[in-house]
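Enquirer: Listed below, chain by chain, are the residues.
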Amino acid sequence: MRMIKRTDMTGKKAAIIRIVSIIAAFLFTSVFISALGHSPINVYFSMVEGAFGSAHRIRDTFTITIPLVVTSIGIMIAFKMKFWNIGAEGQIIVGALAASYLALNYNHLPKMVLLPAMFLAGFVGGGLWALIPAFFKVQFGTNETIFTLMMNYVALKWVTYLQYGPWKDPGSLGFPKIANFTDAAIMPKLFGVHVGWIIAIILVIIITIMMNYSKAGYEIAVVGESMDTAKYAGMNVKKVILSALFISGGIAGIVGMMQASAVNQTLSTQVAAGYGYTAIITAWLSGLKAAIIIPVSLLFAIMIKGGSFIQTAYQIPQSAAGILQSVILFFVIGSEFFIQYKLVRNSVMEKEVA
Amino acid sequence: MKDQVFVKMENICKTFGTVKANDHINFEVNKGEIHALLGENGAGKSTLMNMLSGIYKPDSGSIYIHNTPTKIGSPKESIEKGIGMIHQHYKLVEVQTAKENVIMGQKGSFFLHRKKLSKDLKQIIDQFGLTVNPDQKIYDMSIGEKQAVEILKVLYRGADILIMDEPTAVLTPQETKKLFAIMRNMAKEGCAIIIITHKLNEVMEISDKVTVLRKGTTVGTLITKETTPRALTDLMVGKSVNLSIERPLVDRGNRLLKVDKLNAIDQEHVKVLKDISFELYEGEILGVAGVSGSGQKELCETIAGLYPVKSGEIIYKDESLIGKSPRSIIKKGISMSFIPEDRLGMGLVASMDMVDNYLLKEHHNQKGFFIKRKPIEEICKKMIDTLEIKTPGVHHPVKQLSGGNIQKVLIGREIDTNPNVLITAYAVRGLDIGATHTIYDLVNEQKKKNVGVLFIGEDLDVLLELCDRIMVICQGEVTGIVYANQTTREEVGLMMAGERIEGMVMAQ
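Protein sequence lines, in the order shown, are assigned to chains W and X. One point on numbering: in the working numbering, the residue at position 276 of the first sequence is 276, and numbering is uninterrupted. One point on numbering: in the working numbering, the residue at position 335 of the second sequence is 1335, and numbering is uninterrupted.
Calculated directly from the structure, the hints in this document are not laboratory data. Watch out, some of these pointers could steer you wrong.
EDC-like mimics (lysine to aspartate or glutamate), calculated; alpha carbons at most 16 Å apart, straight line [stated by the list, open to error]:
{"id": "1", "chain 1": "X", "residue 1": "1399", "chain 2": "W", "residue 2": "225"}
{"id": "2", "chain 1": "X", "residue 1": "1215", "chain 2": "X", "residue 2": "1246"}
{"id": "3", "chain 1": "W", "residue 1": "215", "chain 2": "X", "residue 2": "1362"}
{"id": "4", "chain 1": "X", "residue 1": "1297", "chain 2": "W", "residue 2": "228"}
{"id": "5", "chain 1": "X", "residue 1": "1122", "chain 2": "X", "residue 2": "1135"}
{"id": "6", "chain 1": "X", "residue 1": "1317", "chain 2": "X", "residue 2": "1279"}
{"id": "7", "chain 1": "X", "residue 1": "1372", "chain 2": "X", "residue 2": "1362"}
{"id": "8", "chain 1": "X", "residue 1": "1258", "chain 2": "X", "residue 2": "1279"}
{"id": "9", "chain 1": "X", "residue 1": "1199", "chain 2": "X", "residue 2": "1458"}
Short, incomplete list of chain X residues facing chain W, as computed with Cβ under 8 Å [said to hold, decoys possible]:
{"id": "10", "residue": "1326"}
{"id": "11", "residue": "1347"}
{"id": "12", "residue": "1349"}
{"id": "13", "residue": "1359"}
{"id": "14", "residue": "1364"}
Quick reminder that beta carbons are idealized off the backbone N, C-alpha and C, glycines included.
Okay, chain W solo, but in the shape it has when bound (with noise of 0.2 Å):
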């Protein structure tokens, strides 16, 4: 056996590839789910079934599939860039900041007028925590991986603080916590699910026609494939990457807002709630395009909500859905392998040459 480089790959090929390494770490995992004594068919239709088993548990699913999804638009931007943006939980958070401190100062302002601000304060929020690392990284050549990642932390830590200290909310009998929105801070439901899901798909359509129909998705597109090209096409690529970074976080920062509006309804630590390193994942399997990080994140959400239905039915750790997630994307991106190259037995070769 041997390996040859690929050069007759075509989309549809990659995407059954795509589809099989799923399927793979299904089969996989099945192993690791018998060893607890369970069937695995038994326990994927069972997540399913919490997933969709009933009306109330589909709101609950797509009430996770909309920030997974707005998330991994944000970050989808900033990774076509090749500027790995790990730092979407922090822009979360900071989104979910600006947001709430509107929430909580101004809840005297009618509806129409608070839940744009508070829009607008979060993209703003989340688009200038991102801006910080894109600063650093195009004026001093920092690290962007690492330095999105530190973020993060800095984030929580000052929700924590006002958590704590100078939000506390004294009408709660010192247990530290935020004051609960007003009424006119909570995003409205349509259908049974808030409104952010139509939010979610206008995203999807402005971000995938300015990507790919766009000068700025071109500009975006041509500094991540090559800086140097770019700074021959004359391209400001200081400008390009501060404000594709900003749009990035900026989406992500609107995820805050929404989590903290329309889901807890309040400011907590618990806002971002992993979305922004699990929406790194959504992105990736998506590859980079905007169109397919929507049935991805579902496939998500339904392994998070699925994930804790299994927890009660077979009193099998939350965790065992991570497990899932995390094979996927082994296997997924082992799958990349398979899409580059292909195995060749010798005796096959020579024939062929002969």
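Fit chain X to the given chain W structure using the hints.
Expert: Okay, now just chain X, sitting in the frame of chain W:
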């Protein structure tokens, strides 16, 4: 015994993916013979030699070294069999001496027997007439000396089969002469030497026999004395080609570019451009000659606004370009296309299609938020027709095209922007003969349109035939500017080595 066979390769096949790099190649080299391996880029020369040096293994076929069937599994085994390869890019440790480089990676006792080593090295140096001081550090050496160290290395390891991959690419004509003398000595001492090249004059000068490869197959092995450059070219290309390069007469127009005492330093604060001064006029081709790494890249980039200038002036028509952004320089009609060694470094985005690559500079001129690809598709289709670019379509990623076609896309785009100044570096690097001449024609057409062309080249013969004037640079300095039709190879070669010719006036 001169006809003792040292290397015999029989029916060698090697496939990469779907490409047959070598298809039943037969090749034989005798003791004491200098054998040239001639072929265009992609003909399979390097693949074939890499199988001798243990980097690749043949899919089928057999190799005989010194008449014994041999399987060469790794570069180490290849060295043990007495095969030494001198690569185009030297593999030396700069901070060590020649001697230390030679013994590196050698088996031996724990202690170095320095005295014996020095004696052995001295003997080899004298025997073959190498010019190298074993105790000199590599970073103090010229390119020619470094190459001598590489040769010393393989000889010390006892190689009697030497493979040289384009050994003259980085040498001045004078250094080339020296190298050839060494090669003749080695042949006299009983080595078998294989020289990979695509320069015909070198084949004629140095080799005893020549094997021509074309598209992975052996076209034939000839005795050099019994053939002509013409015949070899025809074999190499597979059809009759016209080798002469045109130099159309164009009346020189106004001054376009004036570079005055230009200095630049790199990140290590080493001067890469020293007091460069020259002028470029409408309707002329100004060639730039120099061994590679003499500052060509930096010169191109400073004019294009991509490399910081320390001092000096670049004046285009009547205004200074210093401090202008690359984009505003492009807008003034100064187009730069630099073909790096890997072809795709700067100027093109490998994974994008022709349309998106065309848009690199063009998109600045489009108005509005959206990018318009439709009109560009038409332009690209036209470009494919006029330049005979072989591609499945305008939406095919450029990295999947062959080298020649990639270069046509790049130069085609630059010319399409109707530049006033066209800077092109290594435009024909690695191209086959047909494509090379297409590019020369394109450049000449620009000259006829009164464009000022700065043509940075590798092949002196081409520069002498194509250009109006030639500027010679050496280590970032201009050592002379001469009229191409009033100079000789030798004169330019001396200047490339850094000598200034007594009483020479810079050609205006």
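Enquirer: Now tell me if each hint is right for this structure.
Expert: How the hints compare with the structure:
Distance hint between residue 1399 of chain X and residue 225 of chain W is fulfilled; the C-alpha atoms sit about 12 Å from each other, no more than 16 Å. The suggested pairing of residue 1215 of chain X with residue 1246 of chain X is violated, with an alpha-carbon distance near 28 Å, which exceeds 16 Å. Restraint check for residue 215 of chain W and residue 1362 of chain X: the C-alpha separation of about 11 Å stays at or below 16 Å, so the hint holds. At most 16 Å may separate the alpha-carbon atoms for a hinted pair to count; residue 1297 of chain X and residue 228 of chain W meet this at roughly 13 Å.
Annotation: proposed proximity of residue 1122 of chain X to residue 1135 of chain X holds, straight-line Cα distance about 11 Å (limit 16 Å). With a C-alpha separation of about 11 Å, the suggested pairing of residue 1317 of chain X with residue 1279 of chain X holds against the 16 Å cut-off. Between the alpha carbons of residue 1372 of chain X and residue 1362 of chain X the distance comes to roughly 10 Å, so the proposed pair stays at or under 16 Å and holds. For the suggested pair residue 1258 of chain X and residue 1279 of chain X, the alpha carbons sit about 4 Å apart, so the restraint of at most 16 Å is met.
With a CA separation close to 11 Å, the supplied pair residue 1199 of chain X and residue 1458 of chain X stays within the 16 Å bound. Hint on residue 1326 of chain X holds. Least Cβ distance to chain W is approximately 4 Å, under the 8 Å limit. At its closest, the beta carbon of residue 1347 of chain X sits 6 Å from a beta carbon of chain W; the interface hint therefore holds under the 8 Å criterion. This hint holds: residue 1349 of chain X has a C-beta 4 Å from the nearest C-beta of chain W, less than the 8 Å allowed.
With a least beta-carbon distance of about 7 Å to chain W, the hint placing residue 1359 of chain X at the interface is held under the 8 Å criterion. The criterion of a C-beta within 8 Å of any C-beta in chain W is met by residue 1364 of chain X, whose closest approach is roughly 6 Å, and the hint holds.
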